[in-house]
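Take the sequences, apply the hints, and build the full model.
Chains A and B are the protein sequences, given in the same order. Each number in our numbering corresponds to the 1-based position in the first sequence with 14 added. Each number in our numbering corresponds to the 1-based position in the second sequence with 58 added.
Honestly, the hints are just simulated from the structure, not real lab data. A quick note: this is a predicted structure, and the numbers were derived from the prediction, not measured. Among these hints, one or two may not hold up.
Calculated pairs, DSBU-like style, for lysine-lysine (alpha carbon to alpha carbon, straight line, at most 30 angstroms) [unchecked claim]:
1. B:Lys127 with B:Lys117
2. A:Lys84 with A:Lys67
3. B:Lys136 with B:Lys115
4. B:Lys169 with B:Lys117
5. B:Lys127 with A:Lys71
6. B:Lys127 with B:Lys169
7. B:Lys100 with A:Lys71
8. A:Lys84 with B:Lys100
9. B:Lys115 with B:Lys127
10. B:Lys100 with B:Lys115
11. A:Lys25 with B:Lys117
12. B:Lys116 with B:Lys169
Reference listing, derived: stretches of chain B covered by chain A, where coverage requires no fewer than 3 residues with Cβ under 8 angstroms from a Cβ of chain A [said to hold, decoys possible]:
13. 65-77
14. 129-140
15. 157-170
By construction, the Cβ of each residue, glycine as well, lies at the ideal position given by its N, Cα and C atoms.
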Amino acid sequence: DAGITQSPRHKVTETGTPVTLRCHQTENHRYMYWYRQDPGHGLRLIHYSYGVKDTDKGEVSDGYSVSRSKTEDFLLTLESATSSQTSVYFCAISESGGGRAEQYFGPGTRLTVT
Amino acid sequence: ILNVEQSPQSLHVQEGDSTNFTCSFPSSNFYALHWYRWETAKSPEALFVMTLNGDEKKKGRISATLNTKEGYSYLYIKGSQPEDSATYLCASYNNAGNMLTFGGGTRLMVKP
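Encoded structure:
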């Protein structure tokens, strides 16, 4: 299994509070991704990173920000959590970008915003 | 944002049956097609990455084909086993979007 961990694994928070999710990899892969998984929508890309301090928006980036200060860590921040951000969040990594490299997924973080 | 569709949404088969399901994607600017297997309470795991029209890939009893001109891929499972029960996701990557777009998945349930 690819060495990807996510923390926390479960979190309940209140509307309006900031939340940060962490993805940590031990594979030294250049690309990292944050997805959210919702019923009826499959996996949707929030943001991705193609190197330290290099990030870009995905399909559903509104209300989220990311940071990558080290190769191994990719942080996802909800600046002010809303109930619509209740979801399961998956981090993924790949050796290269461009779509030809398979992605390896972390175990997921279940976030509930009350 | 691409429109990637999978059918059927769910499928129940008996152990030993062979089955197949479909992934449809826009053929313009196509670059790659991914298949993932996602067991309940686990993370998605890559099965195949396919790029060339006519590509056919196989892993054990599971195989996949790709038609980039008409924009579809088939996943086949021969002699389904209960451990094949999972959601199978496809995802398309094209040069315009520069990201993987996932379909909604096909949930396969294999009865012993």
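For the pair supplied as a hint, B:Lys127 and B:Lys169, confirm whether the alpha-carbon distance does not exceed 30 angstroms.
violated, 36 angstroms
Taking 30 angstroms as the top limit, are the C-alpha atoms of B:Lys115 and B:Lys127 close enough?
It holds: about 18 angstroms lies between the C-alpha atoms, which stays within 30 angstroms.
Holds or violated: are the alpha carbons of B:Lys127 and A:Lys71 at most 30 angstroms from each other?
holds, 29 angstroms
Need the status of pair B:Lys136, B:Lys115: alpha-carbon distance at most 30 angstroms?
holds, 14 angstroms
Using C-beta distances, would you say chain A covers the region 129-140 of chain B, given that this needs three or more residues below 8 angstroms?
That given contact is violated, which follows from only 0 residues of the region 129-140 of chain B lying within Cβ reach (below 8 angstroms) of chain A.
Does B:Lys117 lie within 30 angstroms of B:Lys169 when you go C-alpha to C-alpha?
Holds, at about 22 angstroms.
Please verify whether B:Lys100 and A:Lys71 have alpha carbons no more than 30 angstroms apart.
holds, 26 angstroms
Verdict on chain A covering the region 65-77 of chain B, where coverage means 3 or more residues with a C-beta closer than 8 angstroms
Contact hint for the region 65-77 of chain B vs chain A: violated, 0 residues under 8 angstroms.
Within a Cα-Cα threshold of 30 angstroms, do B:Lys127 and B:Lys117 meet the stated pairing?
holds, 24 angstroms
30 angstroms Cα cutoff - pair A:Lys25, B:Lys117
violated, 37 angstroms
Decide if the proposed pair is consistent with the structure: A:Lys84 and A:Lys67, CA atoms, cutoff 30 angstroms inclusive.
Measuring from Cα to Cα gives roughly 8 angstroms; hence the hint holds.
Restraint check for A:Lys84 with B:Lys100, where alpha carbons must lie at most 30 angstroms apart
holds, 27 angstroms
In the structure shown, a violation is registered for the earlier hints numbered 6, 11, 13 and 14, in ascending order.
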